[in-house]
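Asks: If you want this note's numbering, it's the position in the sequence shown, counting the first as 1, plus 226.
None of these hints come from the bench; they were simulated from the model. Accuracy of the hints is not assured; some may be wrong.
[Claimed, not checked] Here are the simulated distance ranges between beta carbons:
1. GLU346 / GLY263: 41 to 51 Å
2. THR326 / VAL281: 12 to 22 Å
3. LEU273 / GLU302: 13 to 23 Å
4. LEU236 / LYS280: 31 to 41 Å
Every residue gets a Cβ at the ideal spot worked out from N, C-alpha and C, and that includes glycine.
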Amino acid sequence: MENAPGTVFLADCPARMAIEIIADKWSVVTLFALTDGPKRHKDLVVLIGGISRKVLTQTLRRLQHNGLIERHAYAEAPPRVEYTLTELGQTLDEPIRMLTTWARAYGEAILDHQEARESERA
Numbered sequence: 227m228e229n230a231p232g233t234v235f236l237a238d239c240p241a242r243m244a245i246e247i248i249a250d251k252w253s254v255v256t257l258f259a260l261t262d263g264p265k266r267h268k269d270l271v272v273l274i275g276g277i278s279r280k281v282l283t284q285t286l287r288r289l290q291h292n293g294l295i296e297r298h299a300y301a302e303a304p305p306r307v308e309y310t311l312t313e314l315g316q317t318l319d320e321p322i323r324m325l326t327t328w329a330r331a332y333g334e335a336i337l338d339h340q341e342a343r344e345s346e347r348a
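Model the full structure from these sequences, guided by the hints.
Replies: Here it is, written out as structure tokens:
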């Protein structure tokens with residue numbers, strides 16, 4: 227019963243929990259940005275593009291709360307803080323790359339469908 231497709235709809239399903247953690251607009255992009263090593267907040271803002279500093283901070287806190295990233299503060303002047311993937315966060319590297327491959331293969335088809343639907347409404 228645990229692997230039955232319908233169980234993902236149950237509130238305590240691990241798959242549902244995982245999807246809720248990474249399904250917001252910025253989590254996967256932020257995790258992907260950290261796959262090649264530690265990054266500072268300002269570097270992530272530039273690398274990700276389109277994300278505000280506030281939203282990035284919220285995203286980083288949420289990912290840290292869920293054990294996917296670590297925040298490292300260094301006792302330096304000026305202060306330096308870096309973010310890295312945890313071991314748990316690193317396990318998402320392959321699924322994120324697979325999703326990226328899928329998006330590159332089918333992104334145009336999705337855009338075509340969206341444009342067609344918008345044309346129908348006009």
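Asks: Hints first: check each against the structure and report whether it holds.
Replies: Checked hints:
The hinted range of 41 to 51 Å is satisfied by GLU346 and GLY263, whose Cβ atoms lie roughly 46 Å apart. Look at THR326 against VAL281: about 21 Å separates their beta carbons, and that is inside 12 to 22 Å. For LEU273 and GLU302, the hinted distance range of 13 to 23 Å is satisfied, since their beta carbons lie about 22 Å from each other. Between LEU236 and LYS280 the Cβ separation comes to about 33 Å, which falls inside the hinted range of 31 to 41 Å.
Comparing the model with each earlier hint shows no violations; every hint is respected.
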